[in-house]
Amino acid sequence: MTLMKSLLGASALMALTTVSALAEPAIIYDVGGKNDKSFNEAAFNGATKWATETGGTFKELEMQNEAQREQALRQLAESGANPIVMTGFAFGDTLNAVAADYPETKFAIIDMVVDQPNVKSVVFTEEQGSYLVGLMAGLASKTGTVGFIGGMDIPLIRKFGCGYAQGVMAANPAAKVVLNMTGTDGSAWNNPVKGAEIAKSQQSQGADVIYAAAGATGVGVLQAAADLKILSIGVDSNQNYMHPGSVLTSMLKRVDNAVYEAFKEGADLKTGINVMDLAAGGVDYAMDENNAPLVTDDMKAKVEAAKAGIIDGSIKVHDYMSDNTCPAATF
Amino acid sequence: MDLIAILQILESTIRMSTPLLFACLAGLYSERAGVFDIGLEGKMLAAAFAGAAAAAVTGSALAGVLAGIGAALILAAVHGLASITFRGNQLISGVAINFFASGLTIVLGAAWFGQGGQTPALSEGRLAQTPILDLFGIDGHAHPVLELFLGHGILVYVALLAVPFTWWLLYRTRFGLRLRAVGENPAAVDTAGVSVVRLRYAAVGITAVLCGLAGVYMSMGLNTSFQREMTAGRGYIALAALIFAKWKPVPALWACLLFGFLDAISIRFQNIDLNGIGIPVVIPGQFTNALPFILTVIILAGFVGKAIPPRAGGEPYVKER
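Chains as they are written, first to last, in my numbering: chain A, 1 to 331; chain B, 1 to 321.
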């Protein structure tokens, strides 16, 4: 009797989960990991926000290596998850191949344009946000030298570095920007030891503000900057809280909003290219009680003016990916 | 390039060499006793995780170091059991340990701390960064030369002192003579009435302690938390350095410093512009990043002359056939 009961219970539970699985959205994090305190964590926060607001549940997967991408995508699509959101440019080729096989499923990719009828491509104007934090770095620097530490050396990250350098030059045309990349493969997003070491090297070259656009590698950069008693700038998520008094600001990339919107639209996801720029609130700089003592009124006024200038078009920030060159810096 | 830049690169070299040096000496003890150890990487990783986890929970750096060594000892006991007592294949046992550590650290980390396999960032449980300079109240940034020699954590000096100590132990003590003999001709050691099994277990135990120090230095000294796969192949580079050094402690120091130096160079210079010295070539960053690995291949291809491993290495000792 008891056995019968539990068997019935189990099958009922299974039936329930299948039903709910049909409408469940899914998110796939890239190799930096869900808890990178930066890019992927922003995506997780967006998904969590949707879950708490609607009471729904979502599936999530974290990539451990490059080989899993296609398998993970197909698995989620087969399981009926819809829409499927993935973070990171590296999914581009895989999604391009897989999306056509599941015409009923909607996909959203962040940081990459995939031209398929059932794919929403969300791209951000990182150069604009980076320009703003670059301006703040240029104003805050006492030595006239600032640093930039990228993760993997790809055009997208050069776009961050290029906008940043342009912002620094706008604040101080004589400034020197030291640019470094952590590496050339996926592990560069998850190498905080090397990030810290690069930060120390930049500090010895005179840098007193360092901007990290490097996923979990940035955790090491921010830590090293705090140890060296210099300033740092976080990326993607608001990282001001990590070392109050040392993190000058964070370049916000509202990946959370992008994921939240995609989940909210659900199976009716609007496909096509979606550009999240400064005007649309896609990128911004972070202000909170942790960095308030570091940002002077003058700095704030100038960065707000620049923000207005970018929105109304009077300030043009160069997009590295448009022509793979950077007028403000050499990589 | 000015003097400060050179000092900074040398300082970075010392920091990057330390985990390699620990791991290389660890491999030296094990292999000199005739037990090949591919599992240096896994033991380092497990120690890095256990150290950072224990330090995060207790807030004590000492507890972290002990936990790290403990984790490495457990894995070494498994390796010893498989390859010494049960005479299994030493390479397979080592590879298994690497896979085991790589997966288990992430699973346990995710289950305990809920941060995707990371451990929480350490504040008070961290290893002191510049204990000697702090003791004398010297500001390292103002005295770069002092910083180069004295501005490191305690474990850096432990690693450097372990080199002459290993030399003394191997070449000037009875234990060292027997350890080397058991790696060359265990039958002779056995005939002399000394236990081969006990000697090999002792060697594997020393290996574990050194791997443990390498791991905790990475997660609690160089970094403030454990990150998955944070040892990033250093265990294998250490094995290459060990072959480069022909299984001798003092050459091991130079080999590790060389690898650390290449690391430091690739960190400092993305693109090396040779225009400054009259050569119109820019060496791309990819090349400097690949240098340690290129060097490893060149070394293993036999460019350093014949590297003869301990004769009984890799073979389990069977008392009677």
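It is worth saying that the hints were derived from the structure and are not from the lab. None of these values were measured; they are calculated from a predicted model. Possibly wrong hints are sitting among the right ones.
[Claimed, not checked] Partial chain A-side listing against chain B, Cβ under 7 Å, derived:
1. 33
2. 169
3. 172
4. 184
5. 197
6. 201
7. 223
8. 273
[To be verified] Example chain B residues on the side facing chain A (calculated, C-beta under 8 Å, incomplete):
9. 116
10. 150
11. 173
12. 218
13. 224
14. 230
[As the list claims (entries may be wrong)] Negatives, chain A to chain B, calculated, CB over 10 Å:
15. 36
16. 191
17. 220
18. 277
19. 290
20. 296
21. 299
22. 302
23. 304
24. 308
25. 321
C-beta: ideal position from N, C-alpha, C; glycine also.
These are the hints, each one checked on the structure:
1. Satisfaction of the interface hint for residue 33 of chain A is found here, the shortest Cβ-Cβ separation to chain B being roughly 5 Å, below the 7 Å cut-off.
2. Among the interface hints, the one on residue 169 of chain A is violated; its C-beta lies about 20 Å from the nearest C-beta in chain B, farther than the 7 Å criterion.
3. Look at residue 172 of chain A: its Cβ only gets to about 23 Å from chain B, farther than 7 Å, so that hint breaks.
4. Taking 7 Å as the C-beta cut-off, the interface hint given for residue 184 of chain A holds, the closest approach to chain B being about 5 Å.
5. Hint status for residue 197 of chain A: holds, given a least beta-carbon distance of 5 Å to chain B, under 7 Å.
6. Because the beta carbon of residue 201 of chain A sits about 5 Å from the nearest beta carbon in chain B, less than 7 Å, this interface hint is met.
7. Hint status for residue 223 of chain A relative to chain B: holds, with the closest Cβ pair at about 5 Å, below 7 Å.
8. A cut of 7 Å between beta carbons decides the hint on residue 273 of chain A: the least distance to chain B is about 30 Å, and the hint is violated.
9. Against a cut-off of 8 Å between C-beta atoms, the interface hint on residue 116 of chain B holds, since the closest Cβ of chain A lies about 4 Å away.
10. Nearest Cβ of chain A to the Cβ of residue 150 of chain B: about 16 Å, over the 8 Å cut. The hint is violated.
11. The beta carbon of residue 173 of chain B is not positioned within 8 Å of any beta carbon in chain A (closest approach about 35 Å), and the interface hint is therefore violated.
12. Given hint, residue 218 of chain B at the interface with chain A, holds; its Cβ is 6 Å from that chain's nearest Cβ, closer than 8 Å.
13. Checking residue 224 of chain B against chain A by beta carbon gives a least distance of about 5 Å; that is within 8 Å, so the hint holds.
14. Annotation: residue 230 of chain B was flagged as interfacial toward chain A, and the flag holds, the nearest CB pair being 7 Å apart, inside 8 Å.
15. Interface exclusion of residue 36 of chain A from chain B breaks down, the closest Cβ pair being 8 Å apart, not more than 10 Å.
16. In this structure residue 191 of chain A is not separated from chain B by more than 10 Å, as the shortest Cβ-Cβ distance comes to only about 7 Å.
17. At roughly 6 Å from the closest C-beta of chain B, the C-beta of residue 220 of chain A falls inside 10 Å, breaking its exclusion from the interface.
18. Every C-beta of chain B lies more than 10 Å from that of residue 277 of chain A, the closest at about 29 Å, which supports listing it as non-interface.
19. The beta carbon of residue 290 of chain A is kept farther than 10 Å from every beta carbon of chain B, the shortest such distance being approximately 15 Å.
20. Separation of residue 296 of chain A from chain B is adequate, the least Cβ-Cβ distance of about 25 Å exceeding the 10 Å criterion.
21. At roughly 25 Å, the least C-beta separation between residue 299 of chain A and chain B is larger than 10 Å, which holds for a residue marked as non-interface.
22. With a closest Cβ-Cβ approach of about 30 Å to chain B, residue 302 of chain A is found to remain outside the 10 Å limit, as its non-interface label requires.
23. At roughly 32 Å from the closest C-beta of chain B, the C-beta of residue 304 of chain A stays outside 10 Å, upholding its exclusion from the interface.
24. Every CB of chain B is more than 10 Å from the CB of residue 308 of chain A (nearest about 35 Å), matching its label as outside the interface.
25. Chain B leaves residue 321 of chain A outside its interface by the beta-carbon criterion, the shortest separation being 19 Å against a cut-off of 10 Å.
The structure fails to meet hints 2, 3, 8, 10, 11, 15, 16, 17 from the earlier list, while all remaining hints are met.
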